[in-house]
Amino acid sequence: MATASRATYTAKLTDGPLEGKTVTMEYLESGDPKPRIEIPADSGAKRYLYARGAGLEFEGSDQPTAVDYRYLEAVFG
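Residue 20 in the working numbering sits at position 20 of the sequence shown; the count goes up by one each step and never skips.
Among the hints, erroneous ones may be present.
Taking lysine to aspartate or glutamate pairs in the EDC-like style, the calculated list, with each CA pair at most 20 Å apart, reads [claimed, not checked]:
#  : residue 1 : residue 2
1  : Lys-21    : Glu-73
2  : Lys-46    : Asp-32
3  : Lys-12    : Glu-73
4  : Lys-12    : Glu-38
5  : Lys-21    : Asp-62
6  : Lys-12    : Asp-42
7  : Lys-46    : Asp-15
8  : Lys-34    : Glu-57
9  : Lys-46    : Glu-29
10 : Lys-12    : Asp-68
11 : Lys-12    : Asp-62
12 : Lys-46    : Asp-62
13 : Lys-34    : Asp-15
14 : Lys-21    : Glu-38
15 : Lys-34    : Asp-62
16 : Lys-21    : Asp-68
17 : Lys-12    : Glu-59
18 : Lys-21    : Glu-57
19 : Lys-46    : Glu-19
20 : Lys-34    : Glu-73
21 : Lys-12    : Glu-26
22 : Lys-12    : Glu-57
23 : Lys-46    : Glu-73
24 : Lys-21    : Asp-42
If you anchor each label on the Cβ, the simulated ranges turn out as follows [claimed, not checked]:
#  : residue 1 : residue 2 : range
25 : Gly-55    : Pro-17    : 17 to 25 Å
26 : Ala-51    : Thr-8     : 16 to 24 Å
27 : Pro-17    : Ala-66    : 14 to 22 Å
28 : Leu-56    : Gly-77    : 29 to 37 Å
29 : Gly-60    : Pro-17    : 30 to 38 Å
30 : Ala-45    : Val-23    : 18 to 26 Å
31 : Arg-6     : Ala-45    : 16 to 24 Å
32 : Gly-77    : Glu-57    : 31 to 39 Å
Keep in mind that the hints were calculated from the coordinates and are not lab data.
Here the structure is a predicted model, which means the values were calculated and not measured.
Idealized CB from N, CA, C, for every residue including glycine.
With the hints as extra help, turn the sequences into a complete structure.
Have a look at this one:
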């Protein structure tokens, strides 16, 4: 049984410099999790780029409540 759409989900960072951390992300307008996310570093001059992995968790909804993301690269500028 599907429930109402959620506005956010938990992005679980599975490797890279932010391994083990989680961040709250908004779904795309389509209701899907984002394929890639950028997370700013503390310095503000660098961002970490993560891509969606295969891990999905569901709790009473057709939308995932948590999604795994894998580290791709650091972006400067």
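Evaluation of the provided hints:
Between Lys-21 and Glu-73 the CA atoms are separated by roughly 16 Å; this keeps the pair inside 20 Å, and the hint holds. Between the alpha carbons of Lys-46 and Asp-32 the distance comes to roughly 26 Å, so the proposed pair goes past 20 Å and is violated. Our distance criterion of 20 Å between C-alpha atoms is met by Lys-12 and Glu-73, whose separation comes to about 16 Å. A C-alpha spacing of about 13 Å is found between Lys-12 and Glu-38, which places the hinted pair at or below 20 Å, so the restraint holds.
For the hint linking Lys-21 to Asp-62, the alpha-carbon distance of about 24 Å lies beyond 20 Å, and the restraint is violated. Among the hinted pairs, Lys-12 with Asp-42 is consistent with the structure: their alpha-carbon atoms are about 18 Å apart, no more than 20 Å. Between the alpha carbons of Lys-46 and Asp-15 the distance comes to roughly 17 Å, so the proposed pair stays at or under 20 Å and holds. Taken as a hint, the Lys-34 and Glu-57 pair is honoured in the structure, with Cα atoms around 15 Å apart against an allowance of 20 Å.
Taking the CA atoms of Lys-46 and Glu-29, the gap is about 27 Å. The hint is violated against a cut of 20 Å. A distance of roughly 5 Å separates the Cα atoms of Lys-12 and Asp-68; the hinted pair therefore holds under the 20 Å criterion. As the CA atoms of Lys-12 and Asp-62 are separated by approximately 19 Å, the hinted pair is consistent with the 20 Å bound. Restraint check: the Cα-Cα separation between Lys-46 and Asp-62 comes to about 34 Å, which exceeds 20 Å; the hinted pair is violated.
As the CA atoms of Lys-34 and Asp-15 are separated by approximately 18 Å, the hinted pair is consistent with the 20 Å bound. For the proposed pair Lys-21 and Glu-38, the alpha carbon gap of about 14 Å is at most 20 Å, so the pair holds. Under the criterion of a C-alpha separation no larger than 20 Å, the hint pairing Lys-34 with Asp-62 is consistent with the structure, at around 16 Å. Restraint check: the Cα-Cα separation between Lys-21 and Asp-68 comes to about 11 Å, which is no more than 20 Å; the hinted pair holds.
The suggested pairing of Lys-12 with Glu-59 holds, with an alpha-carbon distance near 16 Å, which does not exceed 20 Å. As the CA atoms of Lys-21 and Glu-57 are separated by approximately 16 Å, the hinted pair is consistent with the 20 Å bound. Distance restraint check for Lys-46 and Glu-19: the Cα-Cα separation of roughly 17 Å lies within the 20 Å cut-off, and the hinted pair is therefore satisfied. Taking the CA atoms of Lys-34 and Glu-73, the gap is about 17 Å. The hint holds against a cut of 20 Å.
Taken as a hint, the Lys-12 and Glu-26 pair is honoured in the structure, with Cα atoms around 13 Å apart against an allowance of 20 Å. Under the criterion of a C-alpha separation no larger than 20 Å, the hint pairing Lys-12 with Glu-57 is consistent with the structure, at around 10 Å. Taking the CA atoms of Lys-46 and Glu-73, the gap is about 10 Å. The hint holds against a cut of 20 Å. Restraint check: the Cα-Cα separation between Lys-21 and Asp-42 comes to about 14 Å, which is no more than 20 Å; the hinted pair holds.
Between Gly-55 and Pro-17 the C-beta distance comes to about 19 Å, which sits within the given range of 17 to 25 Å. In this structure the supplied range 16 to 24 Å holds for Ala-51 paired with Thr-8, their Cβ-Cβ distance being about 19 Å. The hinted window of 14 to 22 Å between Pro-17 and Ala-66 holds, with their beta carbons roughly 20 Å apart. The given range of 29 to 37 Å is respected by Leu-56 and Gly-77, whose C-beta atoms sit roughly 32 Å from each other.
Between Gly-60 and Pro-17 the C-beta distance comes to about 33 Å, which sits within the given range of 30 to 38 Å. Judged by the Cβ atoms, the range 18 to 26 Å given for Ala-45 and Val-23 holds: they are separated by roughly 19 Å. Checked against the hint of 16 to 24 Å, the pair Arg-6 and Ala-45 fails, with Cβ atoms roughly 33 Å apart. Checked against the hint of 31 to 39 Å, the pair Gly-77 and Glu-57 passes, with Cβ atoms roughly 34 Å apart.
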